[in-house]
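Could you put together the complete structure from these sequences and hints?
The listed protein sequences correspond, in order, to chains A and B. Sequential numbering of the first sequence, starting at 1, is according to our numbering. Sequential numbering of the second sequence, starting at 1001, is according to our numbering.
Take the hints with a grain of salt, since some may be wrong.
In silico PhoX-like links for lysine-lysine, alpha-carbon gap of 20 Å or less [unchecked claim]:
hint, chain 1, residue 1, chain 2, residue 2
1, B, LYS1105, B, LYS1183
2, B, LYS1104, A, LYS17
3, B, LYS1151, B, LYS1105
4, B, LYS1150, A, LYS21
5, B, LYS1084, B, LYS1105
6, B, LYS1104, A, LYS21
7, B, LYS1444, A, LYS35
8, B, LYS1095, B, LYS1444
9, B, LYS1179, A, LYS21
10, B, LYS1183, B, LYS1104
11, A, LYS17, B, LYS1300
12, B, LYS1190, A, LYS38
13, B, LYS1179, A, LYS17
14, B, LYS1105, A, LYS38
15, B, LYS1179, B, LYS1105
16, B, LYS1084, B, LYS1133
17, B, LYS1104, B, LYS1151
18, B, LYS1183, A, LYS17
19, A, LYS35, B, LYS1095
20, B, LYS1179, B, LYS1151
21, B, LYS1179, B, LYS1150
22, B, LYS1104, B, LYS1150
23, B, LYS1133, B, LYS1105
Per label pair, the in silico range of CB-to-CB distance [to be verified]:
hint, chain 1, residue 1, chain 2, residue 2, range
24, B, TYR1360, A, LYS17, 30 to 38 Å
25, A, LYS17, B, ASP1320, 17 to 25 Å
26, A, LEU41, B, LYS1133, 36 to 44 Å
Note that these hints are calculated values from the structure, not bench results. Glycine included, C-beta positions come from ideal geometry on N, C-alpha and C.
Here are the chains, one letter per residue:
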Amino acid sequence: MGCLLAATGLSSCVHVKEYQKNRINDAEMVLNNRKVEKNELNFESYREAASGANAGKTGGGCGCN
Amino acid sequence: MKKVYLSVIGFALMCRLNVHAQASQDTLPRNPSVSLYTPVEKDTTHNTGYSPRALHIDEINLVSSYYWQNGDHSPVTGGIGTEKVTDISNGIDLKLVWGDPNYKKNSLTMGFGYDHHTSASQAYINLSGASRKGGDRIYPSLDWTTENVKKGSSFGIGAYYSGEYNYKSTGLDLHFSQKTADKNGEFSAKLQAYFDQVTLIYPAELIPNTTTTSTGGTTVITTASGTQTVLSNGQVVENHHKNIPSSARNTYTASLGYSQIISPRLQVMFMVDGVAQNGYLGLPFHRVYFADSSKAVVEKLPSSRYKLPVGLRANYFLGDNVIIRTYYRYYIDSWGIKSNTAGLEIPLKVTPFFSISPFYRYYDQSAAKYFAAYGVHTPADEYYTSNYAYSQFQSHFMGVGIRLAPPKGVFGWQNLHDLELRYGHYTQTTDLVSSVVSLSLGFK
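Structure (structure tokens):
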């Protein structure tokens, strides 16, 4: 069901050409975490039980959860 | 699962709405924003923008943070007692890049980090508060990635190490990505494994204070804080760490992601991780006090845990000066914890090279099945912990960041490509409060 909905959604996205990507390529539009957020993700993984799905750690590598 | 479906439905609707919106706008850029892109000699045959280059330093990033917190629910003292912590973190990443005429772009990223912390509760591993409060951690890393620019694919491997007094970790990862034919979508996958060793430093009152063994004239005295070896010639060798046993903790993660450019102003990313952990998943110096007993025991948690976080990011460029960055994550694990995380950050471009970014993050979680406060657990419980990281709570994290990236370099220094400074204040409904200030410098 989820896959079907995702496929439907993605198929309706418009094709964006390279010359139209000046805003998409802006440094603050990046879909990853900011570099400056790196240590914030660390303390959140220590103080909270949930982790992952954010390109950060999912456990391991420290005495955290 | 219902929330996952709702997210996907929302994503589908977002795409549909944008198809209609795009029909009448954004087909031509009206006020193109400024790009820092520097033209180079490109491959024009395949329109990849690829330019083979010899080995060179692509970028160097420095990130430093100062973190401080206070609270009154330390797990070291059974869910009561000070949680004062300070931590200074410094990390450097050096990225080397080289390319060849076969559209292969290689990058080697070397990282090194060093943290120093002080923890008031750590002193209470010994009941008298005499244990040391400070500690250091080092964490080098190495990643090699090769990208086929023509095919839009990449493959890489990474290695990681983290070492501190009571915890050692070695990690490995494999990662792969593939862009769609139109270069507007990208699928990514990553497999990670961490092999950790937890040094079994128990609360001082819970291990035999002193044991003495003699072999061939050498006497070994084992205490709560390590060993003292008296050689046959009378020489005394102190060793505060060696011979304290450790226990394994392994973490295996499979991460999948898919990012899609929806329109010239909107892009989204869907992420899911499957995580399996096994081994010693508590910490040996976390105390638990049972009801009607003043004597502590060490927290006891299951030897396996499975986690399933699912995340969605959506970034939208509104007008010419405002960007809306959003994030949502739903999390569930085998210890009974369910959690929601929602983040919003709005970078405002004061000039094309200077932005101010207020942000807010909301987080909530339900309690783990094994959590109870000080003096609530009973000896009949199979597992028990009073670590408030497993309690039910909400948290709020808010602050502001600034980013400078002028074309002639920050403060006129051409090599200093960008500077980010960010401050955030964090509060939990457990009464834990903390603040963090971070500085990132990017050199090219």
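Evaluation of the provided hints:
| no. | hint | verdict |
| --- | --- | --- |
| 1 | B/LYS1105 with B/LYS1183 | holds (17 Å) |
| 2 | B/LYS1104 with A/LYS17 | violated (23 Å) |
| 3 | B/LYS1151 with B/LYS1105 | holds (12 Å) |
| 4 | B/LYS1150 with A/LYS21 | holds (19 Å) |
| 5 | B/LYS1084 with B/LYS1105 | violated (46 Å) |
| 6 | B/LYS1104 with A/LYS21 | violated (23 Å) |
| 7 | B/LYS1444 with A/LYS35 | holds (15 Å) |
| 8 | B/LYS1095 with B/LYS1444 | holds (10 Å) |
| 9 | B/LYS1179 with A/LYS21 | holds (16 Å) |
| 10 | B/LYS1183 with B/LYS1104 | holds (17 Å) |
| 11 | A/LYS17 with B/LYS1300 | violated (56 Å) |
| 12 | B/LYS1190 with A/LYS38 | holds (19 Å) |
| 13 | B/LYS1179 with A/LYS17 | holds (14 Å) |
| 14 | B/LYS1105 with A/LYS38 | violated (26 Å) |
| 15 | B/LYS1179 with B/LYS1105 | holds (15 Å) |
| 16 | B/LYS1084 with B/LYS1133 | holds (10 Å) |
| 17 | B/LYS1104 with B/LYS1151 | holds (10 Å) |
| 18 | B/LYS1183 with A/LYS17 | holds (9 Å) |
| 19 | A/LYS35 with B/LYS1095 | holds (14 Å) |
| 20 | B/LYS1179 with B/LYS1151 | holds (8 Å) |
| 21 | B/LYS1179 with B/LYS1150 | holds (10 Å) |
| 22 | B/LYS1104 with B/LYS1150 | holds (8 Å) |
| 23 | B/LYS1133 with B/LYS1105 | violated (46 Å) |
| 24 | B/TYR1360 with A/LYS17: 30 to 38 Å | holds (34 Å) |
| 25 | A/LYS17 with B/ASP1320: 17 to 25 Å | holds (20 Å) |
| 26 | A/LEU41 with B/LYS1133: 36 to 44 Å | violated (25 Å) |
Of the numbered hints listed earlier, those contradicted by the structure are 2, 5, 6, 11, 14, 23, 26.
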